Structure formats: structure tokens, C-alpha cells
Amino acid sequence: MKPPPVLSDVTIEELAKNPYPTFDRIRSMASAVWVDSARIHLVTRFDDIMTVERNHHLFASTNPGSLMNKVMGHSLMRKDDEPHKLERAAVEPSFRPGVVKQHWAPRFRSIANDLINQFEADGETDLFSSFAAPMASLSLIDLLGFEDVAWEDIAWWSQALMDGVGNYQADPEISNRARRASAAIDQAIDHVLARHVETENPSILSSMAHAGHKHSREQIRANIKVIVGGGLNEPRDAILTTVLGLLQNPEQLAQAQANEKLFARAFEESVRWISPIGMYPRRVTQDTVLGDTRLKAEDQLGICVGAANRDTGHFEQPDSFDLNRTASRHLGFGAGPHFCAGTWVARQMVGEIAVPILFNRLTNLRLQAGNSPILRGWVFRGPIALPVRWDR
Amino acid sequence: MIRFVFVQPDGSEVPVSATEGDSIMKVAVDNGVDGIRADCNGSAACATCHAFFAQELLCELTPMHEHENDLLDFAATDRQPGSRLSCQVIVSRCLEGQKVKLPDTQ
Ligand code: HEM
Numbered sequence: 000m001k002p003p004p005v006l007s008d009v010t011i012e013e014l015a016k017n018p019y020p021t022f023d024r025i026r027s028m029a030s031a032v033w034v035d036s037a038r039i040h041l042v043t044r045f046d047d048i049m050t051v052e053r054n055h056h057l058f059a060s061t062n063p064g065s066l067m068n069k070v071m072g073h074s075l076m077r078k079d080d081e082p083h084k085l086e087r088a089a090v091e092p093s094f095r096p097g098v099v100k101q102h103w104a105p106r107f108r109s110i111a112n113d114l115i116n117q118f119e120a121d122g123e124t125d126l127f128s129s130f131a132a133p134m135a136s137l138s139l140i141d142l143l144g145f146e147d148v149a150w151e152d153i154a155w156w157s158q159a160l161m162d163g164v165g166n167y168q169a170d171p172e173i174s175n176r177a178r179r180a181s182a183a184i185d186q187a188i189d190h191v192l193a194r195h196v197e198t199e200n201p202s203i204l205s206s207m208a209h210a211g212h213k214h215s216r217e218q219i220r221a222n223i224k225v226i227v228g229g230g231l232n233e234p235r236d237a238i239l240t241t242v243l244g245l246l247q248n249p250e251q252l253a254q255a256q257a258n259e260k261l262f263a264r265a266f267e268e269s270v271r272w273i274s275p276i277g278m279y280p281r282r283v284t285q286d287t288v289l290g291d292t293r294l295k296a297e298d299q300l301g302i303c304v305g306a307a308n309r310d311t312g313h314f315e316q317p318d319s320f321d322l323n324r325t326a327s328r329h330l331g332f333g334a335g336p337h338f339c340a341g342t343w344v345a346r347q348m349v350g351e352i353a354v355p356i357l358f359n360r361l362t363n364l365r366l367q368a369g370n371s372p373i374l375r376g377w378v379f380r381g382p383i384a385l386p387v388r389w390d391r
Numbered sequence: 000m001i002r003f004v005f006v007q008p009d010g011s012e013v014p015v016s017a018t019e020g021d022s023i024m025k026v027a028v029d030n031g032v033d034g035i036r037a038d039c040n041g042s043a044a045c046a047t048c049h050a051f052f053a054q055e056l057l058c059e060l061t062p063m064h065e066h067e068n069d070l071l072d073f074a075a076t077d078r079q080p081g082s083r084l085s086c087q088v089i090v091s092r093c094l095e096g097q098k099v100k101l102p103d104t105q
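For the record, the sequence lines run as chains A and B. In terms of numbering that gives the first Met the number 0, the first sequence opens at residue 0 and continues consecutively. In terms of numbering that gives the first Met the number 0, the second sequence opens at residue 0 and continues consecutively.
This is chain A alone, in the form it adopts within the complex (with noise of 0.2 angstroms):
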């Protein structure tokens, strides 16, 4: 049994860039590697993580020090146990598969095609900023049950909370924004919140307002800060790479479009190839040993699920994207208690309403010649854009 070995000759930047190759030299090299750039103990190796998501007495999601309660306050994310239950219940009833499938997917559907009608005349575009992030953002207003707000406005606030939970350099510009998204946030929320004490609907507000669990306004502002910051780009981020993932592999596209079943397949494949959260914390409580490595109490983890995903004792060559694996279970949605309670709607909106629709109304779509789409980052990953063409 031995300390994190440390890895000090990887940048953040080769991180951002390319986090795959040195995920595959964490995972051989022991179960927790200290990365000096990261300042954290890097866990990349799908067994572990069960093991992390198995014992979140020893492995905590409360985190009295981290960036997040600053920036949102304390959501639930942060909270553990009966705290985290109550809260995580809460927000339940808008998210089962059900009121998903009954009550959202036919507004997700209207977002589609209401944004393909603005662009479909033009024979191209970069489906980052005309599709993929308008149609996550509208879908996140409407679950949240806010009004009024523009589309612009959610995506910004949403990328000032998450610059904001990153900036452990402490830049004053950053927080800066990130306090004017928060006080913005507040606003929203306070805007229509009377509305949805008095009417229940199966808005995120309203299941919080109606809770069997009284929430205080501190608790709502809090869950809702963190599903503005981690509701939207996670979606967006898995259109683009769903879509990239059918472009850059015809022969599965057209099995897709021969059986649109497929399309909910591929993008399950798409999160375990890229997964829009590659990395999220946990904390140390006692000292303890995972897999070959011994960890102290306090030690902060970066659960790599990103890196786990492509682990070749789960998946065979699993740098390429497949929709026919056979071996599916994938850790792109984390595992435990703090389960993607998002899921369903993503199933949903990207793999059975946003992918299909688009192949289905752009004919013979394909990447634009000479303009490779760009992906970037290791906490978060995705395309950054996505320029394509197709028949007019």
C-alpha cells in the first residue's frame, strides 16, 4: 500500500486540450495520483469509483471548504444523508421519466423545431450557438419554471456560476460575475415564485414549493443556482457530441436513421465517450485505503468519471464511439446518491427529441470540409463548436 504518487508535468491546459491520454497514464499508474497542476487526487478507474460511490460515509459530497457554497450557497449536492434526501426528493416529481415524458417532451419538441425553422434555409451553420445551447437553455427556463428570461441570460449565468465554483485563483473579475449571475438568479426566482406557491405544476419551483420537506427561500436559491449551473451545459455539451459522434461514423448513423430507437442508444454512447462531466469532487473524511493507495483523512478526490468510462477493463477500445456495445453501464451520469437526478430529462430532450429531429429535418447533414469541430476541457467537455452543412 502506497501515498498518491504525484504527477507534476501535466498542465491544466493539456488537460483542457487532450484530457485522455493522461487519464490513461493516471489509471495505470495507482488509484489516486496527486496532480500538481489540478492541486487534487485524481481517481480514474471505473471499479474505484464504485468503491467511492459505495461508501459516501468514508468519501463525502459535504465539503465545508469548497468554492461551490460560496458562489450558489449550500445545495444539494454539497449535503450528504438525510439532508440531501430531503432535498433530493424535493426536486423529484419534476424529473420522473414519466412527467418528462407526458409533460416535457412536447415543449422540448416545439424548442427543436422552432430553432431549426430560423436556420434551416441557410445550408449551414455552427450548431454550438444556433442549436445546441438555445435549445438546453430554453428547455432548462421552462423546467425551472421561470419567465421572462432570455436564453442568453440562463447560458451566461450558468457559465459565470461554474468560471465562479472553478476559480480557485481567486479572481475578483470572476467572483465578480458570478455574484451579478447569483443577485440575477435571485431575481428570476423571486419574479415567479408567489405563482408557483399558489399554482402547482410540474416546474422545478413548484415541486420545491409544494415539498412535504419545508424549504427555506436559502435552500431554493441554493438548488436552484446549482441546476442553472449544471443543467444546462451538460445537455448542450451531449447534442454536439451525439451528433458528432453519428457524423464522424455514417455506417452507424444510417443504422440509426433506419430504426430512430438507436438515436436514445447513441447518445448514451456519447456520454460514456465524452462525458460532459468528466471530473466531480469528493472529500476524504478518515484515513482509509482505496484500491493499491493510501488516502488521509481530508485528502480532496477528483472522481474522473470521464477517464472511467474509457477504462479498457469495462469497455473494449473504448476510445472509439459505438452504439452497439454490448457492455453499456457507464458512469457518465456519476453512480450513488448524487445519481444525475437530471437524467431522464436528458434521455429525453437530447436522445429522443434534439439528435432525431435534426437528422430527420437536415438532409444529408455532414461537418463542414477544412472546419473540424473543437472540443475543449476535462472538468467539463465538449465541443466548443460544431460548424456543418447540409442540402438545401
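By construction, these hints were calculated from the structure, which means they are not laboratory data. The structure displayed is predicted, hence computed values, not measured ones. For glycine and all other residues, C-beta sits at the position ideal for the given N, C-alpha and C. Just to be clear, a hint being listed does not mean it is correct.
Pair by pair, the computed Cβ-Cβ distance ranges are [as the list claims (entries may be wrong)]: (1) B:98 to A:104: 33 to 41 angstroms; (2) A:146 to B:103: 43 to 51 angstroms; (3) A:106 to B:53: 39 to 47 angstroms; (4) A:82 to B:29: 23 to 31 angstroms; (5) A:167 to B:76: 44 to 52 angstroms; (6) B:103 to A:56: 32 to 40 angstroms; (7) A:81 to B:31: 49 to 57 angstroms; (8) B:59 to A:56: 25 to 33 angstroms; (9) B:68 to A:106: 22 to 30 angstroms; (10) B:103 to A:27: 29 to 37 angstroms; (11) B:63 to A:253: 21 to 29 angstroms; (12) B:98 to A:290: 29 to 37 angstroms; (13) B:33 to A:250: 27 to 35 angstroms; (14) B:97 to A:366: 49 to 57 angstroms.
For lysine-lysine, the following BS3-like pairs were computed, each having C-alpha atoms within a straight-line distance of at most 30 angstroms [as the list claims (entries may be wrong)]: (15) B:100 to A:100; (16) A:100 to A:213; (17) A:69 to A:260; (18) A:84 to A:100; (19) A:260 to B:100; (20) A:213 to A:84; (21) A:213 to A:69; (22) A:69 to A:16; (23) A:84 to B:100.
Following the hints, complete the assembly by docking chain B with the ligand onto the known chain A.
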């Protein structure tokens, strides 16, 4: 300890001894029983610990909440009258000697 049997889709049986108060899902995972994925480890969020119970047993098991009822409609193997998410069913005396069947896929 309560003794009962998991039955795999191919008919093979895995006998287990379980502690009252644990969930059926936890018993399966702790005993390395194939066929229960339990992606969310018991938060009733993923519908990958689907199992079939004898119908006459259902009234004696932990009651089903609306959330579980909704999720079961979306399990990978079609729901049947004896369907439950095994993370929501607690081991109790009524399971002694019973068979818990597992679906083809989770
Ligand atoms: C493809 C899309 C998505 C992916 C890959 C994804 C991934 C994840 C992951 C990995 C976690 C676990 C984080 C942790 O344990 O610290 C998580 C949690 C969460 N996600 Fe998602 N997510 C997606 C979409 C969404 C959407 C659309 C929403 C809401 C509208 C959402 C809401 C949440 C919430 C509220 C949590 C916290 C759950 C808790 O702490 O109990 N997610 N997500």
C-alpha cells in the same frame, strides 16, 4: 437471517442469506449476484435494479411510492404485475424461502 433465492433469466438460482432491514438490491450487490446493476446505488433514480416478486407477496413488502411506480414504467425490461425496484424493497420475514426473479436486461 432471512434466506431467499435470486432466479436468473436462464433459470439458475442463487441462494442468499440476508439481514432484515437491508434492501434487496444491497443483498444482491453484496453477494455479487449478476443481473442487478443498481447504477444509482439505491436512490430510486436509475431503474436498473428491477426484480419480479410473487404477486401474493406484494401486499406484505415495503409499500410502493409514486416515484418508484413511475420509474418502473421505464425499466429496460417491460414491467409485470410483480415488478419492483429492489432498492425500495426491504428484507423482511415474509421473504423467507421466496424466489426473486431477475429480468433479461436492466
Ligand atoms: C447529458 C446530460 C447530463 C449529464 C452527463 C449529467 C451528469 C451528472 C453527474 C455526473 C452528476 C453527479 C455529480 C456529483 O455526484 O457530484 C449529476 C448530478 C446532477 N444533475 Fe446532471 N447531468 C446531465 C443533465 C442534467 C440536467 C438536464 C439536469 C437538470 C435539469 C441535471 C441535474 C442534476 C442535478 C440536480 C444533480 C445533483 C444531484 C444530487 O446531488 O443529488 N443534470 N449530473
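Here is what the structure says about each hint:
no., hint, verdict
1, B:98 to A:104: 33 to 41 angstroms, "holds (37 angstroms)"
2, A:146 to B:103: 43 to 51 angstroms, "holds (45 angstroms)"
3, A:106 to B:53: 39 to 47 angstroms, "holds (41 angstroms)"
4, A:82 to B:29: 23 to 31 angstroms, "holds (26 angstroms)"
5, A:167 to B:76: 44 to 52 angstroms, "holds (45 angstroms)"
6, B:103 to A:56: 32 to 40 angstroms, "holds (34 angstroms)"
7, A:81 to B:31: 49 to 57 angstroms, "violated (29 angstroms)"
8, B:59 to A:56: 25 to 33 angstroms, "holds (31 angstroms)"
9, B:68 to A:106: 22 to 30 angstroms, "holds (23 angstroms)"
10, B:103 to A:27: 29 to 37 angstroms, "holds (36 angstroms)"
11, B:63 to A:253: 21 to 29 angstroms, "violated (42 angstroms)"
12, B:98 to A:290: 29 to 37 angstroms, "holds (36 angstroms)"
13, B:33 to A:250: 27 to 35 angstroms, "holds (32 angstroms)"
14, B:97 to A:366: 49 to 57 angstroms, "holds (55 angstroms)"
15, B:100 to A:100, "holds (28 angstroms)"
16, A:100 to A:213, "holds (27 angstroms)"
17, A:69 to A:260, "violated (43 angstroms)"
18, A:84 to A:100, "holds (24 angstroms)"
19, A:260 to B:100, "holds (27 angstroms)"
20, A:213 to A:84, "holds (13 angstroms)"
21, A:213 to A:69, "holds (23 angstroms)"
22, A:69 to A:16, "holds (28 angstroms)"
23, A:84 to B:100, "holds (29 angstroms)"
In the structure shown, a violation is registered for the earlier hints numbered 7, 11 and 17, in ascending order.
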